[in-house]
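What follows is each chain in one-letter form.
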Amino acid sequence: MGKNKDDVIKKKFDDNVVGPWKEMWFRLRKNKLAVTGLVVLILLILMAIFADYVAPFSYREQDLLNRFATPNATNWFGTDNFGRDIFSRVVYGARVSLRVGLISVGIALFVGGTIGAVAGYKGGWADTLFMRFMDIMLAIPSMLLAIAIVSSLGGGLTNVMIAVGIGSIPQYARIVRASVISLKDQQFVEAARAVGSKNSTIIFKHLLPNTLAPVIVQSTLGVASAILAAAALGFLGLGLEPPRPEWGAMLNDGRHYLRDYPHMTTFPGLAIMITILSLNLLGDGLRDALDPKLKD
Amino acid sequence: MIPVLVAVTFIIFSLLHFSSADPARIILGEQASGEQIEQLQEEMGLNDPFIEQYLRYASSVFLEGDLGRSYLTNRPVNEEISFRYPNTIKLAVSGILVAVFIGIPLGVISATKQNTVVDNSSMFFALIGVSMPVFWKGILFILLFSLTLGWLPSAGYTTWQHMVLPAITLGWGSAAIIARMTRSSMLEVYRQDYIRTARAKGVREFFVVNKHALRNALIPVITVIGLQFGFLLGGAVLTETIFTIPGIGTLIVQGIRTRDMMIVQGGVLLIAMTFIAINLVVDIIYGFLDPKIREQFK
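Chains A and B, in that order, are what the protein sequence lines are. With positions in the first sequence counted from 1, the corresponding number in the working numbering is that position plus 5. With positions in the second sequence counted from 1, the corresponding number in the working numbering is that position plus 24.
It is worth saying that the hints were derived from the structure and are not from the lab. No experiment lies behind these values; they were computed from the predicted model shown. Yeah, the Cβ is synthetic: ideal placement off N, Cα and C, and Gly gets one too. Just so you know, not all the hints are guaranteed correct.
Stated by the list, open to error - Derived list of chain B stretches under chain A, where covered just means 3 residues or more per stretch with a C-beta under 8 Å from a C-beta of chain A: (1) 52 to 61; (2) 221 to 235; (3) 256 to 268; (4) 298 to 306.
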C-alpha cells in the first residue's frame, strides 16, 4: 500500500504536478534521521518558548542549603554551587541558545545574502571589492574574530549575536553569489529586465527566492555553528552576564567542581550536543532532499 | 598575501581600537588622576587621528616585527608570545594529525562499506564528533582519563602524555569533518570509468582503493584539512583554557579579562597570520596533487 502511494507521488513528480518544495518535503520525510532531528528541534523550540511553564523553578532561585544536590525527584538534573535547579537553567538556557543561533544567522544571512547577491548580479568591480573583503574576513578564524568583536563591544546577548553573526557573513555571501551567478543569465531574469524591472526588484523578487535551497541548508547548519560559537564565548566568560543561564557558561561553572559534582557539566553539555545533533541531522537531510544526487 | 595581511591587521586594529578599554587607565590603574591619564594618552599618541595610530602600528609590525608592549606588564608582546606560540602550534599540529589519521581511514572504510553497519557507525561517530563542543569533550576526557582512571594528566604541557588528551579533544571534531568529506569524495570517485576499468583489468581491490581512488579523492580533502587547521587554531583557545596550556589562546583570554588590548591584538594577529600562511601552503600542495592545476600555471 505504502509502495503504491510512493509510486503515485513519484509519477506526480515526473508529470511536474508536484512543486519542488513538496518534492523536497516528500524526500525529507522519508529520511528517518532527518525527521528525528526535526522533531527534537521542534520540541526544543517549544521548550524554549514555554520555559516559564516547563521549568519547575526560576533560573535565579537559590537554595544555599541544597547546593550540589545530585539528580533527584525534585531537582531532576541536580543543583549547582548556588543551589539553583540545573534542569530549570537548562530549559531557560535553550531560550538563549536558540535565540542567539537564529538571530546571528539572520544577521549573517541578511548582510551576507545582500553582499553576495549584489556581487554576483553586478559583477565587475563590485564583485571584486565585496568578495575580496569576504576573503579577508575568512582569513581570520571565525572563533577568533568573534572573540575580538566581543572583547571590543563587551559581553551581553546582543553583542554575542552580532559577533557570531559577523563571523558567518562570508559563508552566506559566497553561497548566494554562486547561486545568483548561475541564475542571472536565465530567461526569467532577462524577461524581467526586458519589461523594465529595476535591479533591486530583480535581485530581491526574482533572484533571491531562487537561491533559497542552498541557503536553507547552510542556515540550518549555520544555526548549529552559531550556537556552538555562542556557547564557546560563554565558556570563556565573554557571553551573558550572570545569573542568566547560558549552556556554555554553565559548563564553565561546573568545570571547577568536576571531580566531585560532574552532574553540573553533564546536563548543559548534553543539551548543547542534542541541539547541535538535531540541527546537523536536519541540515544533512535537507541537503540530501534538495540534491538527491549527493545521497546516491 | 601581503595585502591580505595588511587588511587583517587593519580589521583587528580597528576592532580593538574602538573598544571601551582605555590603555592609559589600564597602565596607571584606577587610582590615577584625570590629569595623569591625559598626559599618558598624549605620550602614547592615543589622541592622534585613528589612521595615524594604525599606520604607526602597521609599520612597527611589518617593518620591525614589533607587536608593541603589554599595557599591564610593559613587557614586549613579542616576548610574551614567543614562548607560548610553539605550544599553540604543537597543539594545532597534533590536533590536525589526530584528525587526519582518524578521519581519512574512517572515510575510506565508510565509502568501501557503504550502507553497512561499519559505514553507519563510522558516520555516527563522526556526527557525534561534530556535535559535541570542544570544551565539553575536554571536560569529559579529563573526567574519564584523568580523574577517574588516572591514565593521563589533565593540565600542563611538558611531556607527550600532556599532549594526548588536548590533541584528541581538538582533533575529534575535525576528524569527523574530514571523514565525511573523504567518504563523499571517495564515493564520487568510485563512480568514475577508470575505477571500473581498473577492476575490469583485475587490479586487486586494495590497490583500486588506495592507488586509484584515494589519490584522486584526496584533492578536495586537502582543502578541508587546510580549513580545519584554521578552525583548530580558533579551537585552541578553548582547548588551552580547559587543559591550562600556556599558549596564545590562554594569553588572548587573559588579555581580554585584564583589558590588555595590545596582547589581544598581537595574539589574534599572529594566529591570523599563521592561518594565512597555512592556506598558502595548502594551495601549493593542491597544485602538486592536482595535475590540472599544475598545468594552468605552466
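Consistency of the hints with the structure:
Counting residues of the segment 52 to 61 of chain B whose C-beta sits closer than 8 Å to any C-beta of chain A gives 0, which falls short of three, so the coverage hint is violated. Closer than 8 Å: that is the beta-carbon criterion, and the segment 221 to 235 of chain B has 0 residues meeting it against chain A, so the requirement of 3 is violated. Using a Cβ-Cβ cut-off of 8 Å, 7 residues of the segment 256 to 268 of chain B lie near chain A, which meets the minimum of three, so the contact claim holds. With a cut-off of 8 Å between beta carbons, the segment 298 to 306 of chain B has 3 residues touching chain A; three or more are needed, and the interface restraint holds.
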